[in-house]
Amino acid sequence: MQIQAMQTDQKPGVIINLGSSSGLYPMYTGPIYSATKGGVVMFTRSLARFKHQGIRINVLCPEYVQTDLAEKAVGSYVDRFGGYVPMELVVEGAFELIRDESTAGSCLWITNRRGLEYWPTPGEEAKYLLRSSKTRKKSLITVPMDLQIPHSFEKVVVHTLSHNFRSATRIVRTELRLPLKADHVLLKVIYAGVNASDVNFSSGRYFSGNGKDITSLLPLDSGFEAVGIIAAIGDAVRNLKIGMPAAIMTFGGYAEFVMVPSKHILPVAKPDPEVLAMLTSGLTASIALEKAAQMESGKVVLVTAAAGATGQFAVQLAKLAGNTVIATCGGYVKAKLLKDLGVDRVIDYKVEDIKAVLKKEFPKGTDIVYESVGGEMFDICLNALAVYGRLVVIGMISQYQGEHGWKPRNYTGICEKLLAKSQTVAGFFLIQYAHLWQEHLDRLVNLFSSGKLKIGIDPKQFVGLHSVADAVEYLHSGKSAGKVVICVDPTYAQQPAKL
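If you count the sequence shown from 1, position 277 lands on 277 in the UniProt record's numbering, and the numbers rise without skipping.
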């Protein structure tokens, strides 16, 4: 009822069920009680999907708390467990579930012996993880679903070239032509990802030639990435099956259905926002840090726009590799997010001067810069680069907007600067590393499944293709934190949990 109330009032929040440690392991003196609490645990874990609506349901499972019932049931036997769990520890556990926005369907086990611990532990959970896409059986990732293939579907297309995404695009209905080509796959889109470069795509920046040549290509299917369910396959497709969850990273993600060659399909474990965030955003961070930045351990790594979709991955991967991480962001909420991700030094440019902080606290400079902002930020980062340092250009979001869109900058004296300190500035464009996508996606999935990687999804909800332009503008407003996601199929996303 509380979930329904939150949905009706459009006021998402946190629900904490009260379970018991007897729901995690047998209680021989009270089998019915133990079974009941076990049901609470499994019921809660089955409701994890409501996180996509901003509703997080978790369960507290403390060991014996001192009550009249507990004293009658266990007596002095509780001493074997380290005594009664103090109520203060239970309250602390509740606040932990409220504060940690990555929790959903989570069970927090509370004991005097081990304190607060999520169950199953990462080690236990790792025993049951899906193996990588190269080794797992297809049957393991099949999702049963009544897939209906319509005669037509809607998609967002660029009908005129403009850096103003809203003006450049419109929703059109197109015929779904069957049968598919022999080597093609039809993907039913569940979620689509929003990216800063959507405005570069709508202005024709992704295509070579003059304005007339690019205009001749219109209309263009928009959207860089999507996750969903395979709805149909061509006669020659052998390695994929209908009902399998899959992802695409090709043009056309802003659509109800996408038809692509089977070689462009990336099998995934689930068609959910966290997996979607691993695509353009996660893969950019993972591959760029390995290949362009040549990241090792023991370095000082600076990440700009760090609370954004790709920045959140970069700071965590840099920390996991054993580095000192500096992150820039704008605002208290984003700063807190980065601190929770383990960043060593968060610089909120709204209250601190980035240049001054870097000069004072990191006088030897930074070894690696993961740079997504451009403009003045690029200049600050280049000047803060250490001897032998590497600056990787991921993007330049500050330059994408304006009356005439993305304008190139002049970098006077950059060659002399690089020469003087044996530095490197490396560009990174994800499309040119397609041969590494599946390998790095498997790595990210395993890190996330084992609890080593957190994935932030911006809580603002965008539902349906009519919200695409709103989502793109929201991302460029500077208000977003984490990955901005569009739920293309709300019917699927809001299906009740099947127990």
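Incorrect hints may appear among the rest.
[Unchecked claim] Straight-line Cα separation of at most 25 Å, DSS-like style, residue types lysine-lysine; simulated pairs:
| no. | residue 1 | residue 2 |
| --- | --- | --- |
| 1 | Lys407 | Lys421 |
| 2 | Lys37 | Lys11 |
| 3 | Lys270 | Lys421 |
| 4 | Lys336 | Lys319 |
| 5 | Lys460 | Lys299 |
| 6 | Lys291 | Lys350 |
| 7 | Lys479 | Lys355 |
| 8 | Lys407 | Lys364 |
| 9 | Lys421 | Lys336 |
| 10 | Lys270 | Lys417 |
| 11 | Lys452 | Lys319 |
| 12 | Lys241 | Lys299 |
| 13 | Lys291 | Lys479 |
| 14 | Lys355 | Lys421 |
| 15 | Lys336 | Lys479 |
| 16 | Lys454 | Lys11 |
| 17 | Lys319 | Lys299 |
| 18 | Lys241 | Lys181 |
| 19 | Lys336 | Lys452 |
| 20 | Lys479 | Lys407 |
| 21 | Lys336 | Lys460 |
| 22 | Lys263 | Lys299 |
| 23 | Lys336 | Lys359 |
| 24 | Lys319 | Lys364 |
| 25 | Lys212 | Lys241 |
Bear in mind the hints are in silico, worked out from the structure with no lab data behind them.
For a quick check of understanding: which of the numbered hints are violated here, in increasing order?
Hints 1, 2, 3, 5, 6, 8, 9, 10, 12, 13, 22, 25 contradicted; others consistent.
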